[in-house]
Amino acid sequence: MSTTKKKRTRFVIGIMLLFALCLFFMFHMVGKTKQLRSDSAGVEFVTEGEVVTCLNVRGTFPYTSIVPKLAEERKTDSNGNITETYVIEAEISLNTKNTMKLYFERLEDATYTYILKFADKDIIISNGKVVE
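Each number in my numbering corresponds to the 1-based position in the sequence shown with 4 added.
Calculated directly from the structure, the hints in this document are not laboratory data.
All C-beta atoms, glycine included, are put in the ideal place defined by N, C-alpha and C.
Treat the hints with caution; some may be incorrect.
[To be verified] Here are the simulated DSBU-like pairs of lysine-lysine, each with C-alpha atoms no more than 35 Å apart in a straight line:
(1) Lys36 x Lys9
(2) Lys133 x Lys79
(3) Lys105 x Lys9
(4) Lys38 x Lys79
(5) Lys10 x Lys121
(6) Lys36 x Lys73
(7) Lys10 x Lys73
(8) Lys125 x Lys73
[What the hints assert, rightly or not] So the derived label-pair ranges between C-beta atoms look like this:
(9) Thr64 x Arg12: 53 to 59 Å
(10) Thr7 x Phe28: 19 to 25 Å
(11) Glu76 x Ile17: 50 to 56 Å
(12) Val134 x Leu21: 49 to 55 Å
(13) Val134 x Asp81: 20 to 26 Å
(14) Leu22 x Arg78: 46 to 52 Å
(15) Lys73 x Glu48: 44 to 50 Å
(16) Thr64 x Lys11: 19 to 25 Å
(17) Phe29 x Ser82: 49 to 55 Å
(18) Arg14 x Lys73: 19 to 25 Å
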């Protein structure tokens, strides 16, 4: 076998191994979600004065597909207070980039509470105010 043919064969085998490795990592990573941190680059709380009105979450590379999960059903107690719990996650996507907007409702006669579960901490918002 000549030297150029050996080099060409090694080059082709190397490219095939690299392609197989890329496919393995793509199938291993795509579809798996990662919980975002509250201080991530794409997480933004929109406020009007001291009242939080909206949460904007924008996917950043490589986790560009936002997957908001309602962790549990909306809970309403006997006083009419409502609680919703969201887990803020993203997944790797090679062809999709999306954003999530969550508008916070406020009630006059009851308390509307949102529990946002991030990787580093849980943020609780009651009637537009952040509760620590």
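Enumerate the violated hints, using their earlier numbering and listing them in ascending order.
1, 3, 5, 7, 9, 10, 15, 16 and 18
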